[in-house]
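For the protein sequence lines, the chains are A and B, in the order given.
The opening position of the first sequence corresponds to residue 1 in my numbering, with each subsequent residue numbered one higher.
The opening position of the second sequence corresponds to residue 1 in my numbering, with each subsequent residue numbered one higher.
Hints are computed from structural coordinates only; laboratory data are not their basis.
By construction, the Cβ of each residue, glycine as well, lies at the ideal position given by its N, Cα and C atoms.
Mixed in with the good hints there might be a few duds.
[Claimed, not checked] DSS-like, lysine-lysine: derived pairs with alpha carbons at most 25 Å apart:
| # | chain 1 | residue 1 | chain 2 | residue 2 |
| --- | --- | --- | --- | --- |
| 1 | B | K28 | A | K324 |
| 2 | A | K310 | B | K114 |
| 3 | B | K76 | A | K324 |
| 4 | A | K243 | A | K269 |
| 5 | B | K114 | A | K324 |
| 6 | B | K116 | A | K8 |
| 7 | A | K324 | B | K116 |
[Claimed, not checked] A few chain B residues facing chain A, derived, Cβ under 10 Å:
| # | residue |
| --- | --- |
| 8 | S9 |
| 9 | I21 |
| 10 | K28 |
| 11 | S30 |
| 12 | L47 |
| 13 | Q51 |
| 14 | A93 |
| 15 | T94 |
| 16 | E95 |
| 17 | D102 |
| 18 | L104 |
| 19 | T109 |
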Amino acid sequence: MPHQRFPKVEILSIQPHEIQFLLSDTDTSMANALRRIMIAEVPTLAIDLVEFHENTTVLNDEYIAHRLGLIPIKYTPPDSMGGGDCNGAFLPHRECVCYERCPRCCVEFELDVNFDATIRERQVPEHERCLPFTITSADLRSSNDLVQPAHFLSLEEEGASHDQGISIVKIGPGQHLKLKAIARMGISKEHAKWSPVAVATYRFYPIININEEACSTLTQEQKQQLVDVCPDRILEIDAVSGKIVVSEHAWETATFTEDLKITQSAMKKRPEDDDFITVEHSTDRFIFSVEGTGAMDAEEIVMSSLRVLKDRLHYLGNMIEALKESGM
Amino acid sequence: MNAPERALSFLLDEDSNEQKITYSADTKVSNAGTFTINKEDHTVANLLRMQLLRDPSVRFVGYIHPHPLIHRIDLKIQTASSTVAPIDVLQSATEDLAGETDHLITQMTEAINKWKKENQSGIGQFN
Numbered sequence: 001m002p003h004q005r006f007p008k009v010e011i012l013s014i015q016p017h018e019i020q021f022l023l024s025d026t027d028t029s030m031a032n033a034l035r036r037i038m039i040a041e042v043p044t045l046a047i048d049l050v051e052f053h054e055n056t057t058v059l060n061d062e063y064i065a066h067r068l069g070l071i072p073i074k075y076t077p078p079d080s081m082g083g084g085d086c087n088g089a090f091l092p093h094r095e096c097v098c099y100e101r102c103p104r105c106c107v108e109f110e111l112d113v114n115f116d117a118t119i120r121e122r123q124v125p126e127h128e129r130c131l132p133f134t135i136t137s138a139d140l141r142s143s144n145d146l147v148q149p150a151h152f153l154s155l156e157e158e159g160a161s162h163d164q165g166i167s168i169v170k171i172g173p174g175q176h177l178k179l180k181a182i183a184r185m186g187i188s189k190e191h192a193k194w195s196p197v198a199v200a201t202y203r204f205y206p207i208i209n210i211n212e213e214a215c216s217t218l219t220q221e222q223k224q225q226l227v228d229v230c231p232d233r234i235l236e237i238d239a240v241s242g243k244i245v246v247s248e249h250a251w252e253t254a255t256f257t258e259d260l261k262i263t264q265s266a267m268k269k270r271p272e273d274d275d276f277i278t279v280e281h282s283t284d285r286f287i288f289s290v291e292g293t294g295a296m297d298a299e300e301i302v303m304s305s306l307r308v309l310k311d312r313l314h315y316l317g318n319m320i321e322a323l324k325e326s327g328m
Numbered sequence: 001m002n003a004p005e006r007a008l009s010f011l012l013d014e015d016s017n018e019q020k021i022t023y024s025a026d027t028k029v030s031n032a033g034t035f036t037i038n039k040e041d042h043t044v045a046n047l048l049r050m051q052l053l054r055d056p057s058v059r060f061v062g063y064i065h066p067h068p069l070i071h072r073i074d075l076k077i078q079t080a081s082s083t084v085a086p087i088d089v090l091q092s093a094t095e096d097l098a099g100e101t102d103h104l105i106t107q108m109t110e111a112i113n114k115w116k117k118e119n120q121s122g123i124g125q126f127n
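In isolation and in its complexed conformation, chain A is listed as follows (with noise of 0.2 Å):
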């Protein structure tokens, strides 16, 4: 192909719920892409019907279906352990042949939690017998055993919670929440609930260039006013030449301040000699972090998100296939 590019990945961290990497070889439009369809066009599960059959809570019925919709629902496949993509698993409601409602477009939820016989059931103590208690996303009941609501996004954060699970309405004496829920797949770009990620962004690489010539014309003071001024600590003085010199750490760190460059032109002799010290934008590597709500890994999302740009861009191959034969 005349014009391909062909991107480098390298993977610094991967989690669960996050994963960084360096993105290389390729534009911000590529990036930017990715970006955009991870936030916006990664397929999940999502609850998207609440039949009610009892509702005597403190809350409303779509204030509750409002809730359960923003429950991320996780997709385990059956050869692995952590949420998967469930693009292959389901077919998009409108897609599919059945009439309503089948196992193959959706996953039904039940939860029936009545506080009267809850209460006996737990043998709670006689003088705690009126105290509210918490309905989570661990009451729901999936009739897709591999289809879970994503209760907690890590072992940590498990550990340090009181319920278990996400919360959705507390309940206290003669109150009873009885409903069924239906999860469908779908895209943020129809309602945010289907959003696998919390935060995806990339920042750029900095390229950092330091001009020896110049930088051997400041005294020492100078150079540690220079090396102190930035907020982020990209430079350093090295021990043995007493040269300015990048610290190890300041392709993380850095954040582009101007306070380098305000410094700078105080200390240049005529306002247009070169800079002693450039902090630059790299145009073609971007440092990506994408962390998910605990529907999807990390890494899925990434994955899934490549996917559906392959997808689209073949289908987009396909139309103007189309459209050169039929003459335009």
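Based on the hints, put chain B in the right spot on chain A.
For chain B alone, coordinates are given in the frame of chain A:
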């Protein structure tokens, strides 16, 4: 009350027989035309535009996303000579981008597997 259906921002309107992509040649400028791609936004448009800028047989390329509530983009392409039509350039740009994405998929899969092998051989077991 007047809000349009959210799904219309990415699904083609079947009732009006909306086409994904249409072309209209420019009457005043030679070797130029505008492609109207429906139900797309900056994600794909900017990607195509930057790829087309890298093609030396393209003299001019630009895109417009007229309004956030209007779900189409107009991509205007002018080629440098009449031997290459705008649609040919667009087709090769799309193929190049698809190839780049394919390459990225393999690179990403390899990088993830390599990192997992080197760092946390047990991480999969504690999910």
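Going down the list of hints, with the structure as the test:
For the given pair, K28/B sits about 22 Å from K324/A by alpha-carbon distance, which is consistent with the 25 Å threshold. Of the supplied pair hints, the one linking K310/A and K114/B holds, its CA atoms being roughly 23 Å apart against a limit of 25 Å. The straight-line distance between the Cα atoms of K76/B and K324/A is roughly 16 Å, inside the 25 Å bound, and the hint therefore holds. As the CA atoms of K243/A and K269/A are separated by approximately 20 Å, the hinted pair is consistent with the 25 Å bound.
For the hint linking K114/B to K324/A, the alpha-carbon distance of about 43 Å lies beyond 25 Å, and the restraint is violated. Distance hint between K116/B and K8/A is fulfilled; the C-alpha atoms sit about 17 Å from each other, no more than 25 Å. A C-alpha spacing of about 45 Å is found between K324/A and K116/B, which places the hinted pair above 25 Å, so the restraint is violated. Hint status for S9/B relative to chain A: holds, with the closest Cβ pair at about 5 Å, below 10 Å.
Residue-level restraint check for I21/B holds (minimum Cβ-Cβ distance to chain A is 5 Å; threshold 10 Å). Proximity of K28/B to chain A is violated relative to the hint, the smallest CB-CB distance being about 18 Å (cut-off 10 Å). Interface restraint check for S30/B: the shortest CB-CB distance to chain A comes to about 16 Å, outside 10 Å, so the restraint is violated. Here the hint on L47/B is kept, as its CB sits about 5 Å from the closest CB of chain A, short of 10 Å.
With a least beta-carbon distance of about 7 Å to chain A, the hint placing Q51/B at the interface is held under the 10 Å criterion. For A93/B, the shortest C-beta to C-beta distance to chain A is roughly 8 Å, which falls under 10 Å, so the interface hint holds. For T94/B, the interface hint holds, since its Cβ comes within 10 Å of a Cβ in chain A; the closest pair sits about 5 Å apart. Interface hint at E95/B: satisfied, since its Cβ lies 6 Å from the closest Cβ of chain A, which is below the 10 Å cut-off.
The criterion of a C-beta within 10 Å of any C-beta in chain A is met by D102/B, whose closest approach is roughly 6 Å, and the hint holds. The criterion of a C-beta within 10 Å of any C-beta in chain A is met by L104/B, whose closest approach is roughly 5 Å, and the hint holds. Interface hint at T109/B: satisfied, since its Cβ lies 7 Å from the closest Cβ of chain A, which is below the 10 Å cut-off.
The structure shown violates the earlier hints numbered 5, 7, 10 and 11.
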